[in-house]
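Going by the working numbering, the sequence shown wraps up at 660, each residue one higher than the last.
Derived from the structure by calculation, the hints contain no laboratory data. Heads up, some of the hints might be wrong.
[Unchecked claim] With a Cα cut of at most 27 angstroms, we get these calculated DSS-like pairs of lysine-lysine: (1) K315 <-> K559; (2) K416 <-> K398; (3) K416 <-> K629; (4) K315 <-> K337; (5) K322 <-> K349; (6) K422 <-> K588; (7) K629 <-> K588; (8) K349 <-> K412; (9) K412 <-> K448; (10) K559 <-> K542; (11) K319 <-> K309; (12) K309 <-> K411; (13) K322 <-> K309; (14) K629 <-> K559; (15) K398 <-> K638; (16) K422 <-> K629; (17) K349 <-> K398; (18) K309 <-> K337; (19) K448 <-> K416.
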Amino acid sequence: MKILTVVESEDRNSQRLLNTFLDKNIAVRKVIRKDGKITFSIEDCYLEQVEKTLKACRVQYTVKRRGGSYLTKKLVLRYSSLVIAAILTITAICLGSGLCLGVEIECLNGTQKAQIETILEEFQYKKFMQKSSLDTKALSMEITSRIDGAGFANCYFDGGILKIDVKQVHTDKEESEYSQIVAARDGIITRVLVYSGTAMVQAGDVVKAGDVLIAGYVDTYPDTEDNERIAVEAAGEVYAECAYTQRVTLSSKSVEKVRTGKSYENTAIYLFGKPIGKTHTQEYEFFESVTETKTFGSVIPVKAVTTTYYEVENREITLSDEQIDAQISVYEMQLWQELPPQAKLLKNYTLRKRVDNLHIIDIYYIVEQAICQGV
């Protein structure tokens, strides 16, 4: 368990500040907003970068409690022999065979944790597996797209431990008088082109449909007491990496109608469009029919309609792998037709899982597209 350093600062443009930390690969944990203050935890090795960022933004702050490397140095002075032994042990583990020794999940509730564990099973996660065999980026996208309330899923290896950190996306609410451009669908921001207004997101941010992308204002002196906010028309283009998915369940067994070999013919005569003779009673409960029509005579036309009836029955057949693949191709084409015309395909893949006689197929298309909706 890591011992973190706790920092308290003014809650002013805090979301932008947190995004700056994320852009510098500084993990921020346990964010609490209260009474105009924001308290968050970081690893002590990033404290110097965090302090520089806070000073550059002219935000007053206080280091409430130190941990990590700072606390380790103090312990080393008192328990140097134990620390050396611990360091040697940890080094031996870290320099091992590159195995995944376990998983730690941080999420909002137990339901999300159970869903994440199910997804890990689908990715064939096992303890002591090779770390290189697990695609953490694909795992992050899967968790983000399938779990409600998961605004962002950060999956990474910390030594031999797979860390899965699921958080909600916090979007600052702007005043109603400002025009806004909002996200039309969920995605990971790739490009932001602002023509007028202020960008509320940047490349790498995870957004949900309805989140504000560009706000219709500009700040004259950002993050200072002399700042004046001026309303303008929000305009720009925002592109994001979006996922189009479809789950299909197919059975390896199918019921088809097959002819039994029994058949008979029936010929009906029509004069002036009206049938002559008795109406035929159908002999088979299930049947297929083929009809042939012939016309005789020129003055008084007589039409003969011959119908051949074939008895059929329902039979269960087992589909081959080729037939299953053909059905999957149909669903892949249907999902492909749902993609926006201007979308750029980044990658696509299909995950298959078999349970008894059922094939569970998840189809994915990852594209880059414009997600602007608004002015």
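Hints, one by one, checked against the model:
no.: 1; hint: K315 <-> K559; in the structure: violated, 86 angstroms
no.: 2; hint: K416 <-> K398; in the structure: holds, 21 angstroms
no.: 3; hint: K416 <-> K629; in the structure: violated, 30 angstroms
no.: 4; hint: K315 <-> K337; in the structure: holds, 21 angstroms
no.: 5; hint: K322 <-> K349; in the structure: holds, 13 angstroms
no.: 6; hint: K422 <-> K588; in the structure: violated, 71 angstroms
no.: 7; hint: K629 <-> K588; in the structure: violated, 61 angstroms
no.: 8; hint: K349 <-> K412; in the structure: violated, 37 angstroms
no.: 9; hint: K412 <-> K448; in the structure: holds, 13 angstroms
no.: 10; hint: K559 <-> K542; in the structure: violated, 33 angstroms
no.: 11; hint: K319 <-> K309; in the structure: holds, 25 angstroms
no.: 12; hint: K309 <-> K411; in the structure: violated, 31 angstroms
no.: 13; hint: K322 <-> K309; in the structure: holds, 22 angstroms
no.: 14; hint: K629 <-> K559; in the structure: violated, 62 angstroms
no.: 15; hint: K398 <-> K638; in the structure: holds, 21 angstroms
no.: 16; hint: K422 <-> K629; in the structure: holds, 19 angstroms
no.: 17; hint: K349 <-> K398; in the structure: violated, 31 angstroms
no.: 18; hint: K309 <-> K337; in the structure: holds, 12 angstroms
no.: 19; hint: K448 <-> K416; in the structure: holds, 12 angstroms
In terms of the numbered hints stated before, the structure departs from hints 1, 3, 6, 7, 8, 10, 12, 14 and 17, listed from lowest to highest.
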